[in-house]
Every structure is written in structure tokens, then in C-alpha cells.
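Chains as they are written, first to last, in my numbering: chain E, 4 to 303; chain F, 4 to 303.
No lab work stands behind these hints: they were computed from the structure. Keep in mind that the hints are not guaranteed to be accurate.
List time: in silico BS3-like cross-link candidates among lysine-lysine, alpha-carbon distance up to 30 Å [to be verified]: (1) E:232 / F:107; (2) F:267 / E:241; (3) F:232 / E:30; (4) F:232 / E:107; (5) F:15 / F:241.
There are 2 protein chains.
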Amino acid sequence: MKSLDELITNLKHQKSNKVAVAQAADKEVLLAVKKAVDLQLATFILTGDKEEIQRLAGEVKLNVHAGDEIQIIDCLTEEASFEAVKAVSIGTAQVVMKGNVDTKALLKAVLNKQDGLRTGKILSHVALFEIPGQERLIFLTDSAMNIAPNLEEKVQIIKNAVDVAIGSGWVMPKVAPLAAVEVINPSMQATIDAATLTQMNRRGQISGCIVDGPLAFDNAVSSISAEQKGIKSEVAGKADILMVPSIEVANALYKSFMYFAHAKVAAVISGASAPIVLTSRSDTSESKVYSLALALHSSK
Amino acid sequence: MKSLDELITNLKHQKSNKVAVAQAADKEVLLAVKKAVDLQLATFILTGDKEEIQRLAGEVKLNVHAGDEIQIIDCLTEEASFEAVKAVSIGTAQVVMKGNVDTKALLKAVLNKQDGLRTGKILSHVALFEIPGQERLIFLTDSAMNIAPNLEEKVQIIKNAVDVAIGSGWVMPKVAPLAAVEVINPSMQATIDAATLTQMNRRGQISGCIVDGPLAFDNAVSSISAEQKGIKSEVAGKADILMVPSIEVANALYKSFMYFAHAKVAAVISGASAPIVLTSRSDTSESKVYSLALALHSSK
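Throw the hints in and build the complete structure from the sequences for me.
Below you can see the structure in the form of C-alpha cells.
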């Protein structure tokens with residue numbers, strides 16, 4: 004895939020999915036909902052203060068009386084996350100989207116034992132970037148949920164990202180566990196974990212993808228750099244998924260892609276029984292729609 | 004400063020510095036030497052196999068018989084690092100540059116008790132980037148020497164970078180100790196260290212600069228992002244020096260600047276009694292000359 008627009012094109016008319024928005028009383032969120040409806044990407048259940056939702060929907064010219072496309076569940080803000088998650092839990096909707104609620108409140112509802120979306124897996128953040136000048140889209144994980152994942156958590160972080168990639172059309176995505184170097188250095192835990200993850204992939208403990216690491220960033224994304232270093236690998240220079248060793252690496256890379264390389268991004272939380280869209284106030288509505296499309300692709 | 008070319012412009016005719024190259028029998032290195040001589044940036048002592056140096060110099064049209072500009076110390080490769088470092092140690096040259104020797108061999112000579120360049124400080128890597136679209140140059144440290152620096156090492160890493168920045172013309176450079184977030188989180192050591200470093204700066208334990216952290220990458224480099232987050236800081240949005248918590252963060256950012264944001268870079272090892280230029284084979288000769296200029300600025 005070469006552009007995030009393909010996420011939308013590939014989705015159109017293929018699935019009839021419903022998204023549950025937790026407390027939709029937010030102009031920016033409703034603008035993204037309107038764009039998604041106009042693009043026929045999905046239909047929506049909006050939870051929260053009905054009057055406020057209707058008022059703000061009017062401001063962004065979103066027709067909330069449009070029959071099956073938009074349904075409102077009138078409730079208090081404190082209940083909005085639970086109502087949205089419940090709609091997914093009982094199968095009415097396939098994706099949860101954060102509206103005007105705290106991330107913590109939404110995740111509490113997701114992890115709730117009753118009517119939640121628990122799977123026993125850890126949740127992780129999966130971002131997909133379109134970077135000007137690069138031939139293909141690149142996934143980065145985990146920029147938001149796990150601070151310093153251990154080996155077991157890294158296994159799950161890879162699996163979560165692979166699920167999203169496969170849902171979006173990748174076949175056997177190439178996973179690069181990143182480190183600062185491409186050789187194993189006993190004083191660099193990231194290199195040891197990367198080597199271990201590679202072998203776990205060969206033994207079938209991580210499947211549906213090709214894992215090969217450690218790789219440094221340049222060896223992972225640039226064939227020229229990989230060749231200069233003489234690295235023989237199916238992943239080097241062609242990585243689809245960059246799995247980084249800490250939240251500091253992920254956050255810095257994410258922001259450098261956005262601020263210095265002028266990237267576009269779609270992102271989703273993976274690992275629950277349904278994908279979760281956690282957009283933030285600073286995201287453009289374009290980015291919110293891309294994230295919705297990525298979530299819809301990765302929903303079962 | 005807005006471009007790395009200013010490093011060269013500002014240097015011209017200002018100092019008469021000599022660079023000692025450890026084993027100069029390398030075509031790419033000699034090409035950089037030629038460019039530096041043509042730009043009148045420095046004069047050179049070339050250590051290593053004299054015949055081979057003369058042969059390769061001929062290939063790149065570098066005149067090694069040009070009187071004071073180029074001097075050759077004929078020696079075995081095993082002695083080349085020590086001869087180059089010694090030239091700096093006794094005051095004949097002001098900068099050491101790696102030629103066709105292993106980094107380890109050169110650093111061994113630098114850290115040698117007799118005729119070395121030890122100061123008791125740790126060595127750290129300081130890189131300076133020119134990033135298309137960005138208004139100012141940005142330093143990043145430490146991408147090469149320290150894997151997971153502790154607080155004490157971070158203090159020295161900041162001081163080493165500040166020395167380089169001040170030598171190159173910055174006045175009270177703004178230092179951002181990076182983390183994944185801008186708030187202190189007890190489970191994120193990077194945020195605790197960043198807060199501590201900030202207070203150490205206020206107490207005068209780190210001087211000649213303004214330190215304020217933790218900052219996430221976007222808060223550090225973008226005023227808009229800092230304002231959106233409501234961060235009040237003299238450094239946010241205007242950071243000159245990004246001090247990152249681990250070699251993984253530094254390496255990934257370094258490479259993402261180069262490969263995705265099409266940056267130019269100059270780099271130097273700081274902390275010894277003289278700056279060391281550790282260029283690698285994949286650096287362009289342009290980058291090698293920028294690194295030389297940065298090193299010459301930061302030499303005493």
C-alpha cells in the first residue's frame with residue numbers, strides 16, 4: 004500500500020460496519036464522523052448528551068436524523084464510555100472511538116469484566132504512516148500504551164500490529180524489532196530481545212509475519228543502507244512494521260515523522276476484542292478518518 | 004544558525020588549526036581533507052603508510068607536498084592512532100580525525116594514560132542537524148557512545164554538547180531532556196531524570212545553558228505543539244539541544260532525520276581534551292567536512 008487514501012478506497016462498499024463513539028459531544032469528532040459518513044465508510048452510534056450532540060452536529064452539518072446511519076444513545080458523560088463499549092461487546096458495533104472523554108475512562112470501560120472488550124492480551128498502539136518520498140506505508144508500535152515492554156509483551160505487541168496489518172491487506176508483513184545496532188550486543192537488551200523474537204518467529208511462536216532483528220532504523224527502512232552493511236535479511240530495507248524497544252523511541256520517532264518528515268498518520272489501539280480509535284485533539288479530522296478506516300479494516 | 008554551511012563560513016580565516024588524521028590512507032578521508040584544505044579550514048597532519056597516502060592523495064588530486072598545509076607522519080597502522088592523538092596531546096594539532104582505523108583503536112589511543120586526551124569526563128557523541136523546513140539547526144546527543152546513561156552521565160552528556168554548541172557560536176543554548184511525555188511519571192525514569200537535570204541547571208550544577216524537561220519531541224521542537232499543550236518553558240518549541248534518554252532513541256531519531264527528513268549532519272565526539280571526528284564510511288564527504296568544521300569550532 005502506498006497511501007493512506009487506499010485504506011479508504013479499499014474499504015468502501017466492502018463492509019457495513021458500525022462505529023460506537025464514546026461521548027460524541029465534540030465538534031472535531033463529529034466532523035470526522037461526518038466525513039466518514041459522506042465517504043460511506045461506516046454508520047455510527049453516538050453516545051452522550053443527546054441535545055449537545057444534536058447542537059454540535061448542526062454546526063458541522065452532520066445530519067443526525069438520517070435513519071440508520073446515525074443513532075444516538077442519550078446518556079451521562081460518565082456512562083458514555085460504557086455504553087459505547089457495550090454496543091461493541093454485544094455485537095451492535097465493531098469499532099469503539101474516543102469522543103469527548105478521558106482516555107483513562109474509555110480504557111476502564113474497555114477493560115471492564117462485564118460488557119468490556121478484554122481478551123487477556125495487552126493493548127498496544129499501532130500507527131501507520133505515509134511519509135513523503137517513501138515508497139510504502141510503515142507501521143510503528145508502540146507509541147502509547149507500554150512504557151518499557153519485556154519480551155513477553157513485545158511478542159504480543161508484534162501480534163497486535165500484525166493483526167492490524169493483515170486486516171488492512173498486508174500479506175506476511177515484515178517486522179523489524181529495532182535497536183541501535185544490527186548486531187547482538189549483550190549490554191543492549193533491545194538487541195537480545197530482537198534476536199529472541201526472530202527465533203520465536205522461526206519456531207512458529209509468532210506467526211503470520213516475518214520477524215528479523217535487531218535492525219537499526221536505517222537498515223530496516225533503506226535497502227541501500229542494509230546492503231552497505233552487508234545485512235542478509237528478508238526484512239532489512241523492506242520493513243512494514245517497526246517494533247521499537249521503548250515508549251521513548253516510539254514517541255520520538257512518531258513525532259519526528261510528523262514534524263520533520265511531514266507524514267500523515269492513522270492509528271488504532273489493538274489487542275482488545277475490537278479495535279479502538281483514540282484520536283487526540285491535535286489530530287486533524289483527515290487523520291481521524293484515516294484512523295477510523297484502519298480500525299474498520301482491522302475489525303473482525 | 005540556520006545552515007551547516009555557516010559553520011564553514013564562520014570558521015574561515017578565523018583560526019589556524021591543525022587536524023591530525025589517524026591512518027589517512029583512505030580515499031574518502033583524503034577527499035574530505037582536500038575539500039577542507041581548499042576551503043582553507045585547516046592544515047593537516049596525516050599519520051599512516053606514507054607511500055599509500057601519497058598514492059591515494061594523487062588519486063583525489065590532494066597536493067601532499069604543499070609545504071605547511073599537509074605533513075605526513077610515516078608509521079604502521081597500529082601506530083597511526085597513537086601518533087595522531089599524540090600530535091594533539093602535545094599541542095601540535097587541535098582536532099583528531101578518524102581515518103582508516105577501527106573506532107576502538109582510535110578511542111584506545113584517546114583514552115591512553117600517556118599522551119592520550121583523557122579528562123576524566125565521559126565521551127559523548129554530539130550531532131548537529133540541518134533539517135529542511137526547520138528554522139534552526141538542532142543538536143542531538145548521544146547517538147553513539149553511551150547506551151543507557153544514568154543521571155550523572157546525562158549531566159556530562161549535556162555539558163559536552165553545550166561545550167560544542169558554545170564553541171560554535173550558540174549563546175546559552177536551550178537544552179531539552181526528552182521523554183515520551185512532558186509531565187513527570189514515576190514509572191518513566193526519563194521524566195524523573197529530566198526534571199532533576201532541570202533543577203540541577205537552576206542550582207548552577209549545569210551552567211552555560213538553559214535546561215527544561217521533560218519534553219516530548221514535538222513540545223521541544225514546535226512552538227505550536229508546546230502552546231497547544233499549554234507548556235510554559237523557555238526551552239519548549241525552541242530547543243537547541245535534544246538530550247535523549249537512550250542510544251535507541253538517539254539512533255532512531257538520527258536515522259529518521261537523515262532518511263525521512265533528508266537532513267544534513269555534522270558530528271563530533273566531545274568530552275576528551277580535544278574534539279574527535281569519527282566519520283563513518285557511509286558519510287558523504289560534505290558531511291565529513293561539516294564535522295571537521297564543527298570540531299574546529301569546538302576546539303580550544
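A quick look at each hint next to the structure:
1. E:232 / F:107: The hint holds at about 18 Å.
2. F:267 / E:241: Measuring from Cα to Cα gives roughly 24 Å; hence the hint holds.
3. F:232 / E:30: Distance of about 19 Å is within 30 Å: holds.
4. F:232 / E:107: Within the cut-off at roughly 18 Å; holds.
5. F:15 / F:241: holds (28 Å)
Violated hints: none; the structure is consistent with every hint.
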